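**Student:** Spelled out, the chains give:
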Amino acid sequence: MTQPVRSTGPDPAGSPYERFGHGRGAEPFDPGRAAAEATAGILADTLHGSARGVVVDSPPGAGKSTLVVRAARELAAAGESLMIVAQTNAQVDDLAARLATADPELPVGRLHGSDSPPDPALDRHPSIAKSTSVADLRERQVVIATAAKWAYVKDTEPWRHAIVDEAYQMRSDALLQVAGLFERALFVGDPGQLDPFSVVGAEQWAGLSWDPSASAVVTLLAHNPGLPQHRLPVSWRLPASAAPLVSRAFYPYTPFRSGTGEGDRRLGFGAAGDGGPVDRVLDEAAESGWGLLELPARHTPRTDPEAVRAVAAVVRRLLDRGGVAFSADEPAPLTAERIAVGTAHRDQAAAVRAALSEVGVAGVAVDTANRLQGREFDVTVVLHPLSGRPDATAFHLETGRLCVLASRHRHACVVVCRAGVAELLDEHPSSEPVRLGVTVKFPDGWEANHAVLSHLAEHRVAL
Amino acid sequence: MLHTLARAEAVAARRAVAAATVRHRHVAERPLVLVPLTTAGEAGAPLGAMVGTDRAVPTLLVVPQPLDRELRFGFFAGLAEALLPEVERLSDEVEVEPATRNREETELCADALQIVVPNSAAVEFVRLVGRSTRFLRTVEDPEAPHPVPVPVPLLGRWLTHYAERARTPGSSLLLAMTELLTRHWATGQSAMEDQHLGALLGWIDPPPGLDGPAAAARAQTGRTPDGLLVSPPAGPATDPVFDNRVLAPALARYDRARAALEEAGDDARRRAEVAAAQEQVRELVASQLRPTWDDVWHGLDLLRTLPEAEHVAERWKRDRWSFTGHRDRVRAGEPPQPKRDDAVTAAQKLAGRETAQARLAAQEALDDPLAMAVRRLSGEAFSGTVLDVVMTWSEGRRPMPRPVLTVATDDLPQAEPGTKAYRALPGARSAQSAELVAVEPRGPEEPERAAPAPGWRVTVKLTGGMGSGRTPKEGSVPQVGDTVVFTLFEHDPRGGPALPDAEQTPWTHGGPPQSAVPGAPAAPVADAPDPVTPEDYL
Numbered sequence: 001m002t003q004p005v006r007s008t009g010p011d012p013a014g015s016p017y018e019r020f021g022h023g024r025g026a027e028p029f030d031p032g033r034a035a036a037e038a039t040a041g042i043l044a045d046t047l048h049g050s051a052r053g054v055v056v057d058s059p060p061g062a063g064k065s066t067l068v069v070r071a072a073r074e075l076a077a078a079g080e081s082l083m084i085v086a087q088t089n090a091q092v093d094d095l096a097a098r099l100a101t102a103d104p105e106l107p108v109g110r111l112h113g114s115d116s117p118p119d120p121a122l123d124r125h126p127s128i129a130k131s132t133s134v135a136d137l138r139e140r141q142v143v144i145a146t147a148a149k150w151a152y153v154k155d156t157e158p159w160r161h162a163i164v165d166e167a168y169q170m171r172s173d174a175l176l177q178v179a180g181l182f183e184r185a186l187f188v189g190d191p192g193q194l195d196p197f198s199v200v201g202a203e204q205w206a207g208l209s210w211d212p213s214a215s216a217v218v219t220l221l222a223h224n225p226g227l228p229q230h231r232l233p234v235s236w237r238l239p240a241s242a243a244p245l246v247s248r249a250f251y252p253y254t255p256f257r258s259g260t261g262e263g264d265r266r267l268g269f270g271a272a273g274d275g276g277p278v279d280r281v282l283d284e285a286a287e288s289g290w291g292l293l294e295l296p297a298r299h300t301p302r303t304d305p306e307a308v309r310a311v312a313a314v315v316r317r318l319l320d321r322g323g324v325a326f327s328a329d330e331p332a333p334l335t336a337e338r339i340a341v342g343t344a345h346r347d348q349a350a351a352v353r354a355a356l357s358e359v360g361v362a363g364v365a366v367d368t369a370n371r372l373q374g375r376e377f378d379v380t381v382v383l384h385p386l387s388g389r390p391d392a393t394a395f396h397l398e399t400g401r402l403c404v405l406a407s408r409h410r411h412a413c414v415v416v417c418r419a420g421v422a423e424l425l426d427e428h429p430s431s432e433p434v435r436l437g438v439t440v441k442f443p444d445g446w447e448a449n450h451a452v453l454s455h456l457a458e459h460r461v462a463l
Numbered sequence: 001m002l003h004t005l006a007r008a009e010a011v012a013a014r015r016a017v018a019a020a021t022v023r024h025r026h027v028a029e030r031p032l033v034l035v036p037l038t039t040a041g042e043a044g045a046p047l048g049a050m051v052g053t054d055r056a057v058p059t060l061l062v063v064p065q066p067l068d069r070e071l072r073f074g075f076f077a078g079l080a081e082a083l084l085p086e087v088e089r090l091s092d093e094v095e096v097e098p099a100t101r102n103r104e105e106t107e108l109c110a111d112a113l114q115i116v117v118p119n120s121a122a123v124e125f126v127r128l129v130g131r132s133t134r135f136l137r138t139v140e141d142p143e144a145p146h147p148v149p150v151p152v153p154l155l156g157r158w159l160t161h162y163a164e165r166a167r168t169p170g171s172s173l174l175l176a177m178t179e180l181l182t183r184h185w186a187t188g189q190s191a192m193e194d195q196h197l198g199a200l201l202g203w204i205d206p207p208p209g210l211d212g213p214a215a216a217a218r219a220q221t222g223r224t225p226d227g228l229l230v231s232p233p234a235g236p237a238t239d240p241v242f243d244n245r246v247l248a249p250a251l252a253r254y255d256r257a258r259a260a261l262e263e264a265g266d267d268a269r270r271r272a273e274v275a276a277a278q279e280q281v282r283e284l285v286a287s288q289l290r291p292t293w294d295d296v297w298h299g300l301d302l303l304r305t306l307p308e309a310e311h312v313a314e315r316w317k318r319d320r321w322s323f324t325g326h327r328d329r330v331r332a333g334e335p336p337q338p339k340r341d342d343a344v345t346a347a348q349k350l351a352g353r354e355t356a357q358a359r360l361a362a363q364e365a366l367d368d369p370l371a372m373a374v375r376r377l378s379g380e381a382f383s384g385t386v387l388d389v390v391m392t393w394s395e396g397r398r399p400m401p402r403p404v405l406t407v408a409t410d411d412l413p414q415a416e417p418g419t420k421a422y423r424a425l426p427g428a429r430s431a432q433s434a435e436l437v438a439v440e441p442r443g444p445e446e447p448e449r450a451a452p453a454p455g456w457r458v459t460v461k462l463t464g465g466m467g468s469g470r471t472p473k474e475g476s477v478p479q480v481g482d483t484v485v486f487t488l489f490e491h492d493p494r495g496g497p498a499l500p501d502a503e504q505t506p507w508t509h510g511g512p513p514q515s516a517v518p519g520a521p522a523a524p525v526a527d528a529p530d531p532v533t534p535e536d537y538l
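Same order as they appear, the protein sequences are chains A and B.
For the first sequence, position 128 (counting from the first letter as 1) is numbered 128 according to the UniProt record's numbering, and the numbering increases by one without interruption.
For the second sequence, position 94 (counting from the first letter as 1) is numbered 94 according to the UniProt record's numbering, and the numbering increases by one without interruption.
Possibly wrong hints are sitting among the right ones.
Pairwise CB distance ranges, derived in the manner of DEER restraints [said to hold, decoys possible]:
| # | chain 1 | residue 1 | chain 2 | residue 2 | range |
| --- | --- | --- | --- | --- | --- |
| 1 | B | P335 | A | D115 | 37 to 43 Å |
| 2 | A | G276 | B | A214 | 50 to 56 Å |
| 3 | B | E416 | A | D264 | 34 to 40 Å |
| 4 | B | T21 | A | F197 | 29 to 35 Å |
| 5 | B | W507 | A | G363 | 45 to 51 Å |
| 6 | A | T335 | B | S120 | 52 to 58 Å |
| 7 | B | K339 | A | E157 | 32 to 38 Å |
| 8 | B | P399 | A | D115 | 20 to 26 Å |
| 9 | B | S120 | A | R52 | 38 to 44 Å |
| 10 | B | R290 | A | G113 | 54 to 60 Å |
Computed cross-link-like contacts, BS3-like style, restricted to lysine-lysine with a CA-CA straight-line distance of at most 27 Å [to be verified]:
| # | chain 1 | residue 1 | chain 2 | residue 2 |
| --- | --- | --- | --- | --- |
| 11 | B | K461 | B | K420 |
| 12 | A | K64 | A | K130 |
| 13 | A | K154 | B | K349 |
| 14 | B | K461 | B | K473 |
| 15 | B | K349 | B | K339 |
| 16 | A | K130 | B | K420 |
Treat the hints as calculated values from the structure; they're not laboratory data.
Quick caveat: nothing in here was measured; it's all calculated off a predicted structure.
Idealized CB from N, CA, C, for every residue including glycine.
The following block holds chain B by itself, in its conformation from the complex:
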């Protein structure tokens, strides 16, 4: 509801409006930006990429003939060369996490590599590259039919890890710029149109002389006199006009030059022609990549203008744990991530992500009044003024303080009496617990009714966070006139019980997987190919 209102406001203002007062994701000091492009009709065949940590000097990788396997492997090697040294550098800068009750003293990477791509389709591309390269056999394997350069499978494992981690709500290891921007600004266009990075930036920060809709329209449809888009799509798909009119002839020229070199024999002139054709493809692909590259950095600039939310560092630390964990698995010589998750791993991942989702929603609400407003509007939280505090004590041998608060609020909490409520206590490590006692409409005679909005009188009983004495700790009980915010959701949701080990997978789920059976062959058994059916010959 609130988001719809924000979009309507953006339409009226002809410019994006803030959807957050703080930045809810970590933005690294030195992120690695990756802008990939694929070949039309060949999702698994990259055409090129711009990659790097310095916006002034991007590394340009281009595949002059995307259907050539050798050239594609060369592209992967180039990507590995751009990415893996950054991973290595950060892998070695560690700090020591002191031991806790459940864990010994451990090493934790002081920072992790953050990868930023233009949009969610590019996240899919990262996943695809990871999947297609992590099992490849390298030149070190004498029996490999099509060996790849040595670092490529390692690149695949890291990209797979990043893409998998990106599925955890609130993680910042691999971020899509369009998602980052739409989390923090609401535009006056549809969610579909927001996927276009150029149009999205047009709404948020239009160039001088244009307003949001005009800048977005120019980004989406504006073409130069030669018919190419002013703002080429952020990829990985390319503009068909570019493909047909410009790229195809250049690829054909490269193919002809290569064929000539192979058939007519090596000579300097033919070599020069191949190099020239290759250079032409490079320039063309660069012309399509460069605007998006600049857009991603522009987006980063915009995000950096927002102050970082309080809980971002805590979530980034979880990302650093994830990064460190994968570093350790690679160093321990573990095999690449399996093709499919087994039953236990899948359930573990889902449970972890559900906890992360609940934690993210709670933390965003606590960090940002705009996010909290959404929860208040849906009856999951309420904010109001304390009208009355009555001290009561619990029964039992050691009576504990149980102050009953009456709160005047315009938010209607959607919950039954007896529901648990939580309040953030400044300086305390965990939230103060309380219990909803009653929700009643406020009478018209009551003072301080600012607006004719329906008002409510909510009674809550504080049940914790007041110390262990008979008198509550200083400052732990609000006073009459204080403004308080209670939520009906936990502030730090915990995960559920541990799942069984893979070798304990029960019969209902097919029993233990092959890899978990002791004595079974270590190498995964390849699936039998699908049987050939008449449809195959249609």
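So that you can see chain A by itself, here it is in the shape it has in the complex:
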């Protein structure tokens, strides 16, 4: 995660805590209004501001995609044509579909690579034209593609406007390749999620403002320190039980609140629990939004068979007990598509998938933190990145990894973990070298892990 700490520069959004009288008996917090005000400020800067760039920090589930769609439509309504840069093909397809749904009249161009045809689901929208060549789409008012595809676009008149989505997950060198295509841009992203990475060492550029392996936003702000920076103050995804913890542990300097109140989101079960630990942790999670299923302390291989079986058992019981998710909408049965399992490593995800198919569960998304980024589910089951490990490496301590895993759910999150992680953390204080000129990252993964663990300890059920 990358959260540049800024000591100077304008901060038009202000802190939502101060503006909305956090617990000080001032006017009650109105999430709808707070979010609307923030959005209005962002749109004003984007449409009428003089800065070449506008940066928007968005916590998990704060309506980032909604903002992108809204900004694109408003720019189009003002007669501008624009390009949109997203990071993965799935994100591009999703944004194109949202744009076409929101405004079926808007001519959208979906630029794609010859090896990666767009999702056939886009065929439903007649307003979306698809092509591998930008020349075919130049007339469309909105052209959307991945950063990797935009990098191949050369020799074209620059767009007046661009929107860069998931900008914190974009690498600085990817921005270098596409920044020549636009004059000004709105950069939207979540600073708390996983940083981009490189498979080869990039230490030799650490501290340079244009370090190619750094996040695009870090480079952008280093060179343009005066750019207006906004934040979305409300998470609509995270329930009231989760927002304070995620905000405190991962966004200590840019707090946010949940859009729903205490008790607005509930989880119920058709069948009562059998009194076993798996059912008890589910009841705890339904009650409080969090559950920790703790296995006895032990050093294990990454694909810890007992922990993997426990994860599968939790998912199996979630489905068997006829879970129902209550929110402002109609109560919705908790089906397999509404559940996700998150792991740190791909082999762990594979092991969980195998275990799930053994207990006859299909349709549950099982993936690593990297691939779950940006997705949303009713209930998530997380295999803790440090469970059973003899050491705490920088990879496993990365704040963004835990943040992604702990912020995908609308109702409840169950963490499966071996005991002893707190002791493990104490034995492995972070020892990464400090490099001159590198933006300090807050919070430290070590501290964020402790914050989450101590909260989870209150919802612990021993297996």
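Place chain B on chain A using the hints.
**Tutor:** Below, chain B without anything else, positioned relative to chain A:
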């Protein structure tokens, strides 16, 4: 996982085990071995070095007083004298690369100078020497306050090039012996301990009468009766006991002799004393260098026993291109490499290295069943027996063959249906492409289940490499009973799109750098010194 297993096996066998069946790096016929030592506490002050292409006659360079700038420059000049003639010799032996679609006919050096150092710390030392010498001003510059001998900046440019090239995965221009050996053998000690060249060789090729752990322990801690290490550290740092007990008095003797010569005036006796003191330091430094020098050559002998992997020549050719490119930049009179990379150069280097990393991983797997096993275990490849081949054809005006293969395998590919797969075709220039169709567990009733390991039945559809006709080319479709290996990674990954020119650096990255702006001063503007803060006076 496999590497952990190999280490465990090495512990049990009390001797290193093979981590590769072939040699994955180029080893030149006539490499230049360089063993450097630095002064304790003064990373930038070399103490001495052994350098040369003939193991029997190393050139010994020693700085009798490492803090003396003149003597240090003399050391650099000596290094230049040992290295640059080799570079020159190879620069002039060229072959001609025929023109291709994107390139005119070009000259390419037939061979490049390979430098081998003992460990990765020595690679850092090469980088440091390059950085500290490439901008120095020479005696040809009348205004230089501390001029260096003429070839020194050129040495710095070459060393900088070598150190920078060493960051490209799979390159063999500048190699660290410990990294070479750990790539090809797994020992029963930690990765940290493997950095000790003597201990590493102890595990791989223990002397008669000792096993791996005993030989490694002797190399790490064994001392002679006078307290010095049997196997001095491979450097560039020296053994503190050597520094304190032996080297310090010798340096002090040299200092006294020099002072006497300067203060009391020139005479033959005082001259002889300086020469004797200098000779003593030389002998001491040589005694620390010689074991490592022999170790590096011993390592080269061991590596030469392995057959060279198939793709090594292709990667070495890229190193030769790199060598030729730098030769051309030097000959064209270009300025030395800048202190820092600009935004475009940094991005270019990173992209090139990421491609090189992917290519290296793919080529090592194709060249070496042990490397492929690692990829199979992680679900990036699978090997198995063809159970069934069903011919199908693509739709369209010209139906193309799309044979569907069913493969029985014990490897579980970690990929969704529709993922591209690749198979090496003997004699073909590029890999055969295929598409993963389905992965199903095999039933217990199926025959030929050798072990109770989980078995899988993988269906793949071949999509290329079968010629342009309706019937596939002879030998391009495997038959029932054949053993096949498919990978889910490309065999020859290509780089991404070109980056903008430096003068097109966008506003997000600070705009074009000074040097790329036409009309701007050519000489780089020196950075302003950091402001003095109260901490400076603590």
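**Student:** Do the beta carbons of B:P335 and A:D115 sit within 37 to 43 Å of each other?
**Tutor:** Given range 37 to 43 Å: holds, Cβ gap about 41 Å.
**Student:** Could you tell me whether the CB distance from B:T21 to A:F197 stays inside 29 to 35 Å?
**Tutor:** holds (31 Å)
**Student:** Holds or violated: 32 to 38 Å for the Cβ distance of B:K339 and A:E157?
**Tutor:** Cβ of B:K339 to Cβ of A:E157: about 37 Å, so the range 32 to 38 Å holds.
**Student:** Is it true that the CA of A:K154 sits at most 27 Å from the CA of B:K349?
**Tutor:** holds (21 Å)
**Student:** Range hint 52 to 58 Å: satisfied by the CB atoms of A:T335 and B:S120?
**Tutor:** holds (53 Å)
**Student:** Take the C-beta atom of B:W507 and the C-beta atom of A:G363, compute their distance, and say whether it sits inside 45 to 51 Å.
**Tutor:** Given range 45 to 51 Å: holds, Cβ gap about 47 Å.
**Student:** Does the structure keep B:K349 and B:K339 at a Cα separation of 27 Å or less?
**Tutor:** Given pair B:K349, B:K339 holds - Cα atoms ~15 Å apart, limit 27 Å.
**Student:** Given the hint that A:K130 pairs with B:K420, does the C-alpha gap stay at or below 27 Å?
**Tutor:** holds (23 Å)
**Student:** B:K461 and B:K473 were given as a pair; does the straight-line alpha-carbon distance stay at or below 27 Å?
**Tutor:** holds (16 Å)
**Student:** Is 50 to 56 Å respected by the C-beta to C-beta distance linking A:G276 and B:A214?
**Tutor:** Given a distance of about 54 Å, which is inside 50 to 56 Å, the answer is holds.
**Student:** Can you let me know if the beta-carbon spacing of B:E416 and A:D264 is within 34 to 40 Å?
**Tutor:** holds (36 Å)
**Student:** Sort out whether B:K420 lies within 27 Å of B:K461, counting only the CA atoms.
**Tutor:** Distance of about 10 Å is within 27 Å: holds.
Of the hints listed earlier, there is not a single one the structure fails to meet.
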